[in-house]
Amino acid sequence: MAEITYLEALRAGLREEMLRDERVFILGEDVGKYGGAFKVTEGFYEEFGESRVIDTPISEAAIVGAAAGAAHMGLRPVAEMQFIDFISCAYDMLTNYVATARYRAGLPTPMVVRGPCGGYVRGGPFHSQNPEAAFLHTPGLKIVCPATARDAKGLIKAAIRDDDPVLYFEHKFLYRRIKEALPEDGDLLTPIGKARLAREGQDLSIVTYSAMVWKSLEAAEILEKEDGVSVEVLDLRTLLPMDDEAILATVKKTSKVMIVHEDTRTGGVAGEITARINEQAFEWLDGPVLRVTAADVPLPYAPTLEDYVLPQTADIVNVARKLAAY
Amino acid sequence: MAEITYLEALRAGLREEMLRDERVFILGEDVGKYGGAFKVTEGFYEEFGESRVIDTPISEAAIVGAAAGAAHMGLRPVAEMQFIDFISCAYDMLTNYVATARYRAGLPTPMVVRGPCGGYVRGGPFHSQNPEAAFLHTPGLKIVCPATARDAKGLIKAAIRDDDPVLYFEHKFLYRRIKEALPEDGDLLTPIGKARLAREGQDLSIVTYSAMVWKSLEAAEILEKEDGVSVEVLDLRTLLPMDDEAILATVKKTSKVMIVHEDTRTGGVAGEITARINEQAFEWLDGPVLRVTAADVPLPYAPTLEDYVLPQTADIVNVARKLAAY
Amino acid sequence: MPPSSAAAPRPQAPAIPAGLAREQLLELYYLLRLTRSLEERLTNLYRQGKVIGGLFRSLGQEADAVGSAYALDRDKGDFLAPLTRNLGSMLVQGAEPLQIIRQYMAKATSPSGGREMNIHFGSIEKGYIGQISHLGDMVPVMAGVCLSFRIRKEPRVGLVYVGDGATSTGTFHEGINFATVQRLPLVCIMENNGFAYSTPLHKQTAVKRLVDKAAGYGAHADSADGNDLLAVYEVTQRAIERARAGGGVTMIELTTYRRKGHAEHDNQGYVPKEELALWEAKDPVDRYERRLDETGWVSAGEREAVRARIERELDDAVAAAEHDSFPEPETAIADLYASPAAQEPLWYRAGTAPGSRLTPHG
Amino acid sequence: MPPSSAAAPRPQAPAIPAGLAREQLLELYYLLRLTRSLEERLTNLYRQGKVIGGLFRSLGQEADAVGSAYALDRDKGDFLAPLTRNLGSMLVQGAEPLQIIRQYMAKATSPSGGREMNIHFGSIEKGYIGQISHLGDMVPVMAGVCLSFRIRKEPRVGLVYVGDGATSTGTFHEGINFATVQRLPLVCIMENNGFAYSTPLHKQTAVKRLVDKAAGYGAHADSADGNDLLAVYEVTQRAIERARAGGGVTMIELTTYRRKGHAEHDNQGYVPKEELALWEAKDPVDRYERRLDETGWVSAGEREAVRARIERELDDAVAAAEHDSFPEPETAIADLYASPAAQEPLWYRAGTAPGSRLTPHG
Ligand SMILES: Cc1ncc(C[n+]2csc(CCOP(=O)(O)OP(=O)(O)O)c2C)c(N)n1
Ligand SMILES: Cc1ncc(C[n+]2csc(CCOP(=O)(O)OP(=O)(O)O)c2C)c(N)n1
Ligand SMILES: [Mg+2]
Ligand SMILES: [Mg+2]
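Residue numbers (the working numbering), protein chains in the order written: chain A, 1 to 326; chain L, 1001 to 1326; chain D, 2001 to 2362; chain E, 3001 to 3362.
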């Protein structure tokens, strides 16, 4: 069992599903011979041929719409957005067409839209976005955000096998920075809708997902070491549907919760989580639900600015200290 | 001072601004001779001529993009979406181009995008949407949602005079159903960013906006009469920027808050409000912040289904009773 | 020429064009007339307040939808995506009048279970897809349907409709471009009916003829008089056979005219009366009837029998639909996902009788 | 022909085309050469790790950006919207090398204050607009800029650039259609450089020549060899004058070639070596230099003086930019709105020294 990166795990998951199920095919910009901007589909064109690895024009709405049409007819498309920032060009198609297809017209629409999200890479405002909140608001979609190599693999496989449209947001900062030894087992599946306890703790819970899992874990260690505060970290993995049970379990355990996400603050995913905790576990709370998020601006390019806008480990530590002392 | 409808108030506000400031112009589908699908701009083509009342092709992204370009050059465009549901086609243009223009490139972008939102009219899934949550998540935009005829006028005038891009969501159910006597005063302005206390109360607060203000007021009366519960109703009017001060004031006054919105639940605006209350007034809360919202599905067409999915006065009463008894 | 009630064609009748059989001419007549009569019934129901939402007529355009769809090969599994004014094309593919009426009346028994309006529904089995309102979006979707044909090496063809107005959308552009680059077996019917809501063609596009758009995509171009049923059939058939043979996308302009407002509430004040009169004289149903009479391919008696059958069928359909009830409220939250198929009601709804809910404010 | 250092043209020199003056030929040379040399400096800085993000070269395409932009009338307030590979067009409009270098290096002094990357910035005063990454979006925006000219009856013209790949976007389509319907004074340069990232033209569109797209919009069509500076100038000037005269939109295809990868990280493995060699032989800077030499419009000495001036200017600009610092962290949250212009820092940030923040995880 060799160690593989998050990106390799994603690629392995995609490849296994393409080998397993000939209905699976890939479409997107430069995904063919070039293997994709980040080389996620490297070698696929050679292995599976151009009818299953399709280079498209620069047309995100058409990529998503065509995926939906093919999905209705029984195929299992995986559409790549070159950067997830360009999913905004398919917003209408995703929210109005894809998300409603089963509900309004009984159309099966098993498809995956995936692409690199996230900052910390000096990508500037249009190559660093985290669009999950825009789609959390869309009934009919599912959203997954893997934080680990294992889940990068397990969730892409589960997403492809799922009978509903799934948005798969992979974090480009993690692509080559984390590694894990994974079984080559074709059935490494991460169930959609189930969170993962990334770290057990007693005093305080951090609910988070994607790259922020790592910053939260880092903060948890600092808090353990420097403050003797025991922090639990819940990695949501799936945002839609959200694992209420796991969230409530950790709230009830520690009674103090903070939510960490990389996306901007206002209208971000943390609001929804806070509302759910309020409705379902208010009496368990020993303090306010607090958020650590990006500041409310487009993500700027300069390192000093990007670092200032994005959540940092020190922010999580700061807020946790306030909450622990509450 | 004759009584005028919400729609007439909007029209009057638009017209006054066009008379006052020749930089103001209108563009959209069928807004010219036809006067718009809901006749908001009726008579404008005749009064202001075709260079200031421009019929466009069916191209929402171009309508919004062109408005932005003209705004950069010093004009004050008001773009109409025939139904606000079609704003999704301009999602990329609004979130990536318009909202970021000042921040990333110092471009002045004073423009208004307006259109009829909302349900209760048997309009089905694509003529009933409430898209505010999709844009609440976009730093750089402002969002207003008038609930009264006075604010329909006051907010369109303020939006046109504002130096930032403003989304103005007018509720089509209210168009011809509510009336108010308004001064013909050219300076009836509703400040952007300020909520309005629609009803004073002592026991419990409802934070809401747009058409739900009326259902909340209706519920408040029932609660007063049948339960002796005194309900305060806060009409947010502006969602972005949000009037934290007014929200905190009512929370601190009654210590029990519910949020009512017509939009779907998950990822809706209520989450953000709940998070803000948690962060800033947790110790004042005597109960959970509770939400009354639409169910998480596309809005169906049949009356029985639409009524079931959308929030009804009885729902507000139900939840308020639970909260009052908490 | 006195009307004849004989079942056989007159011996001196000219040859039937486009390889059509006599039965097909009758079937076409049935479908054309059915479209017209069904919409007339819907108009009555609308006036009685029984149509819940808006009513969108295709008066004067029936031949373009029926003639083009009829050129598909249903046995081969050809597929189409209609727009609002293509009721006729759905009837060709096997949609039933009863389904349409139920759908307009938002009945529980409607194809969408009351979730969607007018003709927004589809059937993968019969070969037509449920449209959404957002114009242009069906073009990429049909490109994807055709892509599935290509990936699976199935000799099937797709047909997608757009109005003159819908050609201005970004999704139309992206979808057609995608299809032409991939040389997919797709035919795009561009219906030029003069208006997009109140907006005339010259405010929608600077091209004189929609068919000029084909060159910009490297698609084959063709056009026909949209009010001439058989001409529409022929031009579409040609494009379909080309698509099936691997020749790629054809864009066809059908010229016709929208003789009613955008929807029933629109009184068309922006349209000159003379223009309407002009196009009434070119009515596609009258025209086809005249053609049948003049050629003698079909007797007037046969035609009358078809009409009578249609009226009977519609009487039954209206009665059946009127008898049906609205959907049960709780069905509103089912079937959003394949899994989970069921959703919990909002907590404050559980236990309250949905029937007793207050009606909306107003 | 021995190099001459005389300032005046040879008496036997052929007439200068397109109404250009000798000083303009020199200015064009300055701009063309500056584009090339500036990008070479940026490449060095990139290799030294001083460019923070990606570096996008226009090697081999400099003439198309410079020649087309030069045809605008800056005194009349003409305006343009560049894309990634149109650095040259911004220099023509008055962007300064120092601004570009600072921008790439994310310095506080950069035109966007370090908020945006590479050439994503603009100047309303000088007449060019700050682009975003989302391809196609600048087309509707420039249509709006031109609409403002029409509404105010100003005799100004707009120029917008798109690549072969960007023509596939919905926003390109909507923007051009909007502009043609409104007969706006807009010129659209379609740069055919063979590739969109790794995707060759035939996988982007089924038309053989991008200029074929004009017919689909009812726009005027024109084209030129994008590596021939003066031909580019001429064809654009023609379109600009037509636009200024009220003749509406022209779409111009300029054929050229992207001689580097999409960005510096892309080694262009998908491009045949011979093709690169072929286009190297057609280098637009060499070609223009040869033209000047052969005609004698400008002497080699004058050319050399221009080059020397450019190198000096760039030495100074690089030194100045290197000396600047990154923006202060707190500036990140200013100027999002006109009002309020300032934003509160997140509560848990207030009071903590921004400089002491932990670096990102990894
Ligand atoms: C993207 C989008 N914008 C606006 C509308 C509102 N709308 C519905 S039909 C229509 C006119 C359509 O005209 P055309 O495509 O010519 O079809 P026709 O009604 O003539 O059949 C408009 C503007 C819409 N459905 N979709
Ligand atoms: C809407 C959108 N989708 C995808 C991208 C990613 N992307 C950036 S440049 C590029 C290729 C552009 O090709 P072309 O338009 O031909 O311009 P060139 O790079 O050749 O100058 C792509 C796909 C983008 N910027 N915008
Ligand atoms: Mg039309
Ligand atoms: Mg290119």
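Note that these hints are calculated values from the structure, not bench results. For each residue, glycine too, the CB sits at the ideal point set by N, CA and C. Hints may be right or wrong, so weigh each one.
Claimed, not checked - Pairwise CB distance ranges (calculated):
1. D:Ala2320 to L:Asp1286: 53 to 59 Å
2. L:Glu1283 to A:Asp227: 21 to 27 Å
3. L:Arg1177 to E:Ala3245: 50 to 56 Å
4. E:Lys3208 to D:Ala2281: 42 to 48 Å
5. A:Asp227 to L:Asp1286: 27 to 33 Å
6. E:Lys3208 to D:Ala2245: 50 to 56 Å
7. L:Asp1185 to D:Glu2264: 37 to 43 Å
8. L:Gly1043 to E:Gly3094: 41 to 47 Å
9. A:Glu184 to L:Ala1325: 56 to 62 Å
10. L:Glu1184 to D:Glu2040: 43 to 49 Å
11. E:Glu3330 to A:Asp227: 24 to 30 Å
Broken hints, numbered, in rising order? 6
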